Amino acid sequence: MPVASWLELSSSAYAHNVATFRKVAGKARVGVVLKGNAYGHGLLETLSIAHGLVDVIYVITPFEAAAIRKWERENARERREVLVIGAVSADDVVELARLEVSVVAADRGFEAAVNALKAANLELDIHVHLDTGLGREGFTRAGLEKGEADFLKGARVRGVMSHFANTEDVTEQDYANTQLANFEAGEVLLHQRLGVVGLQRHFAASAAALVLPPARLDVVRVGIAMYGLWPSAETRLSARVVLGEVPTLEPVASWKAPSQVVKWLPAGSYVGYGCTYRCSADTRVAVLPVGYWDGYPRLASGKAHVLVNGQRCPIIGRVMMNHLIVDVTHAVKDERPLTATLLGRDGDEVISAETLSAWAQTIHYETMTRLGPHLRRVVVQATP
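Numbering (numbering that gives the first Met the number 0), first residue to last: 0 to 383.
Quick caveat, the hints were computed from the structure, so don't treat them as lab data.
No experiment lies behind these values; they were computed from the predicted model shown.
A portion of the hints provided could be inaccurate.
[To be verified] Taking lysine-lysine pairs in the DSS-like style, the calculated list, with each CA pair at most 25 Å apart, reads:
id: 1; residue 1: K22; residue 2: K34
id: 2; residue 1: K117; residue 2: K152
id: 3; residue 1: K262; residue 2: K332
id: 4; residue 1: K302; residue 2: K262
id: 5; residue 1: K69; residue 2: K34
[Stated by the list, open to error] Simulated DEER-style distance windows between Cβ atoms:
id: 6; residue 1: T328; residue 2: T354; range: 17 to 27 Å
id: 7; residue 1: V260; residue 2: R72; range: 55 to 65 Å
id: 8; residue 1: D54; residue 2: T368; range: 22 to 32 Å
id: 9; residue 1: R78; residue 2: I362; range: 29 to 39 Å
id: 10; residue 1: Y269; residue 2: A232; range: 32 to 42 Å
id: 11; residue 1: E94; residue 2: E365; range: 30 to 40 Å
From the three backbone atoms N, C-alpha and C, an ideal C-beta is built for every residue, glycine too.
Sequences and hints are given; from them, build the entire structure.
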(Lines of atoms letter the chains of each structure in order from A; the text may use other names.)
(Lines give C-alpha, C1' and ligand atoms only; values in the text may rest on other atoms or scores of the structure.)
Protein backbone atom coordinates (compact mmCIF):
# COMPACT_ATOMS: atom_id res chain seq x y z
CA MET A 0 0.00 0.00 0.00
CA PRO A 1 1.32 3.50 -0.82
CA VAL A 2 2.43 5.72 2.03
CA ALA A 3 1.33 9.07 0.55
CA SER A 4 -1.83 10.39 -1.05
CA TRP A 5 -2.21 10.42 -4.81
CA LEU A 6 -4.46 11.70 -7.59
CA GLU A 7 -6.12 9.47 -10.15
CA LEU A 8 -6.91 11.06 -13.53
CA SER A 9 -9.59 9.41 -15.62
CA SER A 10 -8.67 9.40 -19.30
CA SER A 11 -12.20 8.29 -20.21
CA ALA A 12 -13.72 11.23 -18.33
CA TYR A 13 -11.35 13.62 -20.07
CA ALA A 14 -12.16 12.18 -23.50
CA HIS A 15 -15.87 12.52 -22.72
CA ASN A 16 -15.43 16.20 -21.85
CA VAL A 17 -13.48 16.88 -25.06
CA ALA A 18 -16.27 15.21 -27.06
CA THR A 19 -18.82 17.37 -25.23
CA PHE A 20 -17.02 20.55 -26.24
CA ARG A 21 -16.56 19.38 -29.82
CA LYS A 22 -20.34 19.04 -30.00
CA VAL A 23 -20.91 22.41 -28.35
CA ALA A 24 -18.26 24.22 -30.41
CA GLY A 25 -19.62 23.19 -33.79
CA LYS A 26 -17.16 24.28 -36.47
CA ALA A 27 -14.78 25.92 -34.01
CA ARG A 28 -11.62 24.10 -33.04
CA VAL A 29 -11.19 22.97 -29.45
CA GLY A 30 -8.29 24.13 -27.31
CA VAL A 31 -7.45 23.23 -23.74
CA VAL A 32 -5.80 25.37 -21.08
CA LEU A 33 -3.04 23.59 -19.15
CA LYS A 34 -1.99 26.53 -16.98
CA GLY A 35 -1.76 26.20 -13.20
CA ASN A 36 -0.27 22.70 -13.49
CA ALA A 37 -3.31 21.79 -15.60
CA TYR A 38 -5.64 23.22 -12.96
CA GLY A 39 -3.85 21.09 -10.39
CA HIS A 40 -4.23 17.86 -12.34
CA GLY A 41 -0.56 17.73 -13.41
CA LEU A 42 0.81 19.27 -16.60
CA LEU A 43 2.51 16.26 -18.14
CA GLU A 44 0.01 13.71 -16.86
CA THR A 45 -2.86 15.70 -18.34
CA LEU A 46 -0.88 16.30 -21.51
CA SER A 47 -0.51 12.55 -21.99
CA ILE A 48 -4.32 12.34 -22.16
CA ALA A 49 -5.09 15.58 -23.99
CA HIS A 50 -2.38 15.67 -26.64
CA GLY A 51 -4.14 13.52 -29.21
CA LEU A 52 -7.61 14.86 -28.47
CA VAL A 53 -7.41 18.65 -28.76
CA ASP A 54 -6.37 21.10 -31.47
CA VAL A 55 -4.60 23.82 -29.48
CA ILE A 56 -2.81 23.81 -26.12
CA TYR A 57 -2.74 27.02 -24.07
CA VAL A 58 -0.24 27.63 -21.28
CA ILE A 59 0.72 30.68 -19.26
CA THR A 60 4.53 30.40 -19.09
CA PRO A 61 7.42 29.62 -21.44
CA PHE A 62 8.50 26.92 -18.97
CA GLU A 63 5.25 25.02 -19.55
CA ALA A 64 5.62 25.32 -23.32
CA ALA A 65 9.18 24.00 -23.20
CA ALA A 66 8.05 21.08 -21.03
CA ILE A 67 5.40 20.20 -23.61
CA ARG A 68 7.90 20.24 -26.47
CA LYS A 69 10.30 18.08 -24.41
CA TRP A 70 7.51 15.58 -23.72
CA GLU A 71 6.65 15.46 -27.42
CA ARG A 72 10.26 14.72 -28.33
CA GLU A 73 10.67 12.04 -25.69
CA ASN A 74 7.41 10.35 -26.67
CA ALA A 75 7.85 10.70 -30.45
CA ARG A 76 4.68 12.77 -30.78
CA GLU A 77 3.88 15.22 -33.54
CA ARG A 78 4.01 18.82 -32.38
CA ARG A 79 0.70 20.34 -31.37
CA GLU A 80 -0.07 24.03 -31.68
CA VAL A 81 1.04 25.55 -28.37
CA LEU A 82 0.30 29.14 -27.39
CA VAL A 83 1.80 30.95 -24.39
CA ILE A 84 -0.88 33.41 -23.27
CA GLY A 85 1.18 34.92 -20.45
CA ALA A 86 3.99 37.45 -20.54
CA VAL A 87 7.26 36.54 -22.25
CA SER A 88 10.65 38.25 -22.20
CA ALA A 89 12.90 39.00 -25.16
CA ASP A 90 15.07 36.01 -24.24
CA ASP A 91 12.01 33.78 -23.88
CA VAL A 92 10.64 34.64 -27.29
CA VAL A 93 13.85 33.68 -29.09
CA GLU A 94 13.81 30.22 -27.51
CA LEU A 95 10.07 29.85 -28.15
CA ALA A 96 10.61 30.66 -31.81
CA ARG A 97 13.09 27.78 -32.01
CA LEU A 98 10.49 25.55 -30.37
CA GLU A 99 7.76 26.72 -32.80
CA VAL A 100 5.58 27.97 -29.97
CA SER A 101 3.18 30.88 -30.48
CA VAL A 102 3.03 33.85 -28.12
CA VAL A 103 0.76 36.75 -27.23
CA ALA A 104 1.48 40.46 -27.63
CA ALA A 105 -0.50 42.30 -24.99
CA ASP A 106 1.20 45.68 -24.60
CA ARG A 107 4.01 47.90 -25.87
CA GLY A 108 6.50 46.01 -23.74
CA PHE A 109 6.39 43.26 -26.35
CA GLU A 110 8.33 45.50 -28.74
CA ALA A 111 11.56 44.31 -27.08
CA ALA A 112 10.61 40.75 -27.99
CA VAL A 113 9.97 41.75 -31.61
CA ASN A 114 13.39 43.40 -31.77
CA ALA A 115 15.02 40.30 -30.27
CA LEU A 116 13.41 38.14 -32.95
CA LYS A 117 14.69 40.44 -35.68
CA ALA A 118 18.20 40.38 -34.23
CA ALA A 119 18.15 36.57 -34.17
CA ASN A 120 16.62 36.41 -37.66
CA LEU A 121 13.71 34.38 -36.30
CA GLU A 122 9.93 34.49 -36.56
CA LEU A 123 7.05 32.96 -34.69
CA ASP A 124 3.27 33.27 -34.70
CA ILE A 125 1.99 36.18 -32.63
CA HIS A 126 -1.54 36.58 -31.30
CA VAL A 127 -2.65 40.06 -30.27
CA HIS A 128 -4.43 40.25 -26.93
CA LEU A 129 -7.21 42.84 -26.81
CA ASP A 130 -8.51 44.29 -23.56
CA THR A 131 -12.19 44.41 -24.44
CA GLY A 132 -13.39 45.14 -20.92
CA LEU A 133 -11.70 42.91 -18.35
CA GLY A 134 -9.22 45.64 -17.45
CA ARG A 135 -6.35 43.20 -17.33
CA GLU A 136 -3.77 42.59 -20.05
CA GLY A 137 -4.29 43.58 -23.67
CA PHE A 138 -4.45 46.55 -26.03
CA THR A 139 -7.52 48.72 -25.58
CA ARG A 140 -9.44 50.09 -28.53
CA ALA A 141 -8.17 53.56 -27.69
CA GLY A 142 -4.62 52.26 -27.54
CA LEU A 143 -4.90 50.66 -30.96
CA GLU A 144 -6.25 53.92 -32.38
CA LYS A 145 -3.20 55.72 -30.94
CA GLY A 146 -0.88 53.26 -32.65
CA GLU A 147 0.29 51.38 -29.56
CA ALA A 148 0.45 48.12 -31.51
CA ASP A 149 1.97 49.58 -34.67
CA PHE A 150 5.36 48.09 -33.77
CA LEU A 151 3.86 44.76 -34.88
CA LYS A 152 3.82 45.83 -38.53
CA GLY A 153 5.71 43.24 -40.50
CA ALA A 154 5.65 40.71 -37.66
CA ARG A 155 3.94 37.36 -38.15
CA VAL A 156 0.62 38.24 -36.56
CA ARG A 157 -1.66 35.22 -36.86
CA GLY A 158 -4.32 35.58 -34.20
CA VAL A 159 -6.36 37.82 -31.93
CA MET A 160 -7.76 36.97 -28.51
CA SER A 161 -9.49 38.41 -25.49
CA HIS A 162 -11.09 37.33 -22.22
CA PHE A 163 -14.59 37.91 -20.89
CA ALA A 164 -15.35 39.50 -17.54
CA ASN A 165 -18.90 38.20 -17.05
CA THR A 166 -20.66 35.63 -19.22
CA GLU A 167 -21.92 32.97 -16.85
CA ASP A 168 -25.47 34.22 -16.21
CA VAL A 169 -27.49 34.23 -19.42
CA THR A 170 -29.72 36.97 -17.99
CA GLU A 171 -26.74 39.32 -17.53
CA GLN A 172 -24.86 39.22 -20.81
CA ASP A 173 -25.13 42.85 -21.90
CA TYR A 174 -21.55 43.52 -20.85
CA ALA A 175 -20.36 40.37 -22.61
CA ASN A 176 -22.02 41.55 -25.81
CA THR A 177 -20.30 44.92 -25.39
CA GLN A 178 -17.01 43.06 -25.15
CA LEU A 179 -17.82 41.17 -28.33
CA ALA A 180 -18.45 44.47 -30.11
CA ASN A 181 -15.14 45.82 -28.80
CA PHE A 182 -13.41 42.68 -30.04
CA GLU A 183 -14.81 43.11 -33.54
CA ALA A 184 -13.79 46.78 -33.54
CA GLY A 185 -10.31 45.82 -32.40
CA GLU A 186 -9.98 43.27 -35.17
CA VAL A 187 -10.93 45.94 -37.71
CA LEU A 188 -8.30 48.28 -36.28
CA LEU A 189 -5.63 45.58 -36.51
CA HIS A 190 -6.49 45.13 -40.17
CA GLN A 191 -6.38 48.87 -40.80
CA ARG A 192 -3.15 49.58 -38.94
CA LEU A 193 -1.18 46.36 -39.46
CA GLY A 194 -2.66 45.10 -42.71
CA VAL A 195 -3.38 41.67 -41.22
CA VAL A 196 -6.27 39.51 -42.39
CA GLY A 197 -7.65 36.05 -41.67
CA LEU A 198 -6.65 36.10 -38.02
CA GLN A 199 -7.40 33.12 -35.80
CA ARG A 200 -9.97 34.44 -33.32
CA HIS A 201 -10.34 32.99 -29.84
CA PHE A 202 -12.37 34.60 -27.11
CA ALA A 203 -14.59 32.03 -25.39
CA ALA A 204 -13.28 30.22 -22.34
CA SER A 205 -15.31 27.48 -20.62
CA ALA A 206 -18.39 29.50 -19.67
CA ALA A 207 -18.68 31.50 -22.88
CA ALA A 208 -18.18 28.37 -24.98
CA LEU A 209 -21.20 26.87 -23.26
CA VAL A 210 -23.58 29.83 -22.93
CA LEU A 211 -22.57 32.55 -25.43
CA PRO A 212 -22.65 31.02 -28.95
CA PRO A 213 -21.47 34.17 -30.83
CA ALA A 214 -18.22 34.02 -28.85
CA ARG A 215 -17.13 30.59 -30.10
CA LEU A 216 -15.46 32.07 -33.20
CA ASP A 217 -12.53 29.97 -34.51
CA VAL A 218 -11.29 28.26 -31.35
CA VAL A 219 -12.84 27.71 -27.93
CA ARG A 220 -10.32 27.99 -25.10
CA VAL A 221 -11.58 25.53 -22.50
CA GLY A 222 -10.13 25.62 -19.02
CA ILE A 223 -11.74 24.22 -15.89
CA ALA A 224 -14.68 22.61 -17.67
CA MET A 225 -12.37 20.27 -19.58
CA TYR A 226 -11.52 18.76 -16.21
CA GLY A 227 -15.21 18.07 -15.60
CA LEU A 228 -15.84 21.04 -13.32
CA TRP A 229 -18.49 23.66 -14.06
CA PRO A 230 -17.21 27.25 -13.94
CA SER A 231 -20.14 28.13 -11.68
CA ALA A 232 -23.68 27.16 -10.78
CA GLU A 233 -24.89 30.04 -12.98
CA THR A 234 -23.11 28.55 -15.98
CA ARG A 235 -24.85 25.25 -15.46
CA LEU A 236 -28.28 26.88 -15.26
CA SER A 237 -27.56 29.07 -18.28
CA ALA A 238 -26.41 26.06 -20.31
CA ARG A 239 -29.86 24.55 -19.98
CA VAL A 240 -31.39 27.73 -21.38
CA VAL A 241 -28.92 28.12 -24.25
CA LEU A 242 -28.39 24.48 -25.22
CA GLY A 243 -31.77 23.08 -24.25
CA GLU A 244 -30.08 20.61 -21.91
CA VAL A 245 -27.29 20.49 -19.38
CA PRO A 246 -24.26 18.76 -20.90
CA THR A 247 -22.69 16.08 -18.76
CA LEU A 248 -19.21 16.97 -17.57
CA GLU A 249 -17.29 14.17 -15.88
CA PRO A 250 -14.77 15.11 -13.17
CA VAL A 251 -11.34 13.87 -14.17
CA ALA A 252 -9.57 13.80 -10.81
CA SER A 253 -9.98 11.72 -7.69
CA TRP A 254 -7.78 12.22 -4.62
CA LYS A 255 -7.06 9.22 -2.42
CA ALA A 256 -5.00 8.57 0.67
CA PRO A 257 -3.88 5.47 2.57
CA SER A 258 -4.17 5.26 6.31
CA GLN A 259 -0.98 5.75 8.27
CA VAL A 260 -2.56 4.08 11.26
CA VAL A 261 -6.04 2.95 12.34
CA LYS A 262 -6.64 2.76 16.10
CA TRP A 263 -9.11 3.21 18.95
CA LEU A 264 -9.23 6.33 21.09
CA PRO A 265 -11.11 6.04 24.39
CA ALA A 266 -14.01 8.31 25.23
CA GLY A 267 -12.79 11.67 26.46
CA SER A 268 -9.68 11.70 24.26
CA TYR A 269 -8.73 14.98 22.63
CA VAL A 270 -7.83 15.01 18.95
CA GLY A 271 -5.37 17.30 17.20
CA TYR A 272 -3.74 20.63 17.90
CA GLY A 273 -5.57 23.00 20.19
CA CYS A 274 -7.70 20.16 21.62
CA THR A 275 -10.57 21.41 19.47
CA TYR A 276 -12.28 18.00 19.34
CA ARG A 277 -13.04 15.57 22.16
CA CYS A 278 -14.35 12.06 21.60
CA SER A 279 -17.76 11.63 23.22
CA ALA A 280 -17.45 7.83 22.96
CA ASP A 281 -14.81 5.25 22.16
CA THR A 282 -13.79 6.19 18.61
CA ARG A 283 -11.93 4.33 15.90
CA VAL A 284 -9.81 6.84 14.00
CA ALA A 285 -7.72 6.69 10.86
CA VAL A 286 -4.72 8.98 10.58
CA LEU A 287 -4.18 10.00 6.95
CA PRO A 288 -0.84 11.37 5.66
CA VAL A 289 -2.48 14.43 4.11
CA GLY A 290 -2.50 18.06 5.20
CA TYR A 291 -2.42 21.64 4.08
CA TRP A 292 1.12 21.10 2.76
CA ASP A 293 -0.50 18.84 0.15
CA GLY A 294 -3.22 21.36 -0.61
CA TYR A 295 -5.96 20.16 1.70
CA PRO A 296 -7.54 23.38 3.00
CA ARG A 297 -7.12 24.11 6.71
CA LEU A 298 -10.35 26.10 6.67
CA ALA A 299 -12.20 22.82 6.12
CA SER A 300 -11.37 21.82 9.71
CA GLY A 301 -14.47 20.75 11.61
CA LYS A 302 -16.62 20.61 8.47
CA ALA A 303 -15.08 18.21 5.97
CA HIS A 304 -15.61 14.51 5.39
CA VAL A 305 -13.75 11.83 3.49
CA LEU A 306 -15.17 8.60 2.07
CA VAL A 307 -14.25 5.18 3.43
CA ASN A 308 -15.96 2.04 2.13
CA GLY A 309 -18.66 4.19 0.55
CA GLN A 310 -19.46 6.02 3.78
CA ARG A 311 -18.88 9.62 4.83
CA CYS A 312 -16.43 9.91 7.68
CA PRO A 313 -15.85 13.27 9.39
CA ILE A 314 -12.43 14.83 9.79
CA ILE A 315 -12.08 15.50 13.51
CA GLY A 316 -9.80 18.10 15.00
CA ARG A 317 -7.82 20.52 12.91
CA VAL A 318 -6.38 19.90 9.48
CA MET A 319 -2.63 19.74 10.12
CA MET A 320 0.34 20.35 7.86
CA ASN A 321 0.85 16.67 7.10
CA HIS A 322 -2.07 14.83 8.69
CA LEU A 323 -5.83 14.44 8.89
CA ILE A 324 -7.56 12.44 11.62
CA VAL A 325 -10.83 10.83 10.57
CA ASP A 326 -13.58 9.15 12.59
CA VAL A 327 -14.07 5.78 10.86
CA THR A 328 -15.96 4.08 13.69
CA HIS A 329 -18.97 3.18 11.54
CA ALA A 330 -17.09 2.57 8.28
CA VAL A 331 -14.64 -0.19 9.23
CA LYS A 332 -14.72 -3.22 11.51
CA ASP A 333 -11.06 -3.50 12.43
CA GLU A 334 -7.71 -1.74 12.35
CA ARG A 335 -6.50 -2.99 8.99
CA PRO A 336 -5.06 -0.39 6.58
CA LEU A 337 -7.67 1.46 4.54
CA THR A 338 -7.93 3.86 1.63
CA ALA A 339 -9.87 7.11 1.97
CA THR A 340 -11.26 9.22 -0.87
CA LEU A 341 -10.75 12.94 -0.32
CA LEU A 342 -12.16 13.96 -3.70
CA GLY A 343 -14.24 11.78 -5.99
CA ARG A 344 -16.65 8.86 -5.74
CA ASP A 345 -16.74 5.84 -3.46
CA GLY A 346 -19.86 3.76 -3.98
CA ASP A 347 -22.91 6.00 -3.99
CA GLU A 348 -21.17 8.85 -2.19
CA VAL A 349 -19.29 11.70 -3.88
CA ILE A 350 -17.16 14.53 -2.57
CA SER A 351 -16.84 17.10 -5.34
CA ALA A 352 -14.31 19.88 -5.71
CA GLU A 353 -17.19 22.30 -5.22
CA THR A 354 -18.14 20.65 -1.92
CA LEU A 355 -14.60 20.69 -0.57
CA SER A 356 -14.31 24.32 -1.65
CA ALA A 357 -17.53 25.25 0.15
CA TRP A 358 -16.16 23.71 3.34
CA ALA A 359 -13.05 25.84 2.88
CA GLN A 360 -14.97 29.03 1.97
CA THR A 361 -13.29 29.34 -1.41
CA ILE A 362 -13.79 28.41 -5.06
CA HIS A 363 -12.93 25.14 -6.75
CA TYR A 364 -10.42 26.89 -9.04
CA GLU A 365 -8.32 27.66 -5.98
CA THR A 366 -8.85 24.27 -4.36
CA MET A 367 -7.69 22.36 -7.42
CA THR A 368 -4.73 24.55 -8.34
CA ARG A 369 -3.44 24.36 -4.76
CA LEU A 370 -3.04 20.58 -4.95
CA GLY A 371 0.64 20.01 -4.32
CA PRO A 372 2.83 19.47 -7.39
CA HIS A 373 4.64 16.81 -5.33
CA LEU A 374 1.54 14.58 -5.22
CA ARG A 375 1.76 11.52 -7.44
CA ARG A 376 -0.70 11.66 -10.33
CA VAL A 377 -1.74 8.43 -12.02
CA VAL A 378 -3.70 8.15 -15.28
CA VAL A 379 -6.43 5.52 -15.15
CA GLN A 380 -9.10 4.51 -17.66
CA ALA A 381 -12.19 4.37 -15.49
CA THR A 382 -14.39 7.36 -14.77
CA PRO A 383 -13.99 8.41 -11.10
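Holds or violated: the 22 to 32 Å window for the beta-carbon distance between D54 and T368? holds (24 Å)
With respect to the beta-carbon atoms only, verify the hint that R78 and I362 lie 29 to 39 Å apart. holds (34 Å)
Sort out whether K34 lies within 25 Å of K69, counting only the CA atoms. holds (17 Å)
Satisfaction of the hinted span 32 to 42 Å by the C-beta atoms belonging to Y269 and A232: holds (38 Å)
State, for the Cβ atoms of E94 and E365, whether the hinted interval 30 to 40 Å holds or is violated. Taking Cβ atoms as reference, E94 and E365 lie about 31 Å apart, which means the hint holds.
For the pair T328 and T354, does the Cβ-Cβ distance stay inside 17 to 27 Å? holds (22 Å)
Does K262 lie within 25 Å of K302 when you go C-alpha to C-alpha? holds (22 Å)
Satisfaction of the hinted span 55 to 65 Å by the C-beta atoms belonging to V260 and R72: Violated: the Cβ-Cβ distance is about 44 Å, outside 55 to 65 Å.
With a cut-off of 25 Å on the C-alpha distance, tell me whether K117 and K152 pass. Within the cut-off at roughly 12 Å; holds.
Satisfaction of hint between K332 and K262, Cα-Cα up to 25 Å: holds (11 Å)
Between the alpha carbons of K22 and K34, is the straight-line distance 25 Å or under? Satisfied, since the Cα-Cα distance of roughly 24 Å is no more than 25 Å.
Hint 7 from the earlier list is the only one contradicted by this structure; the remaining hints agree with it.
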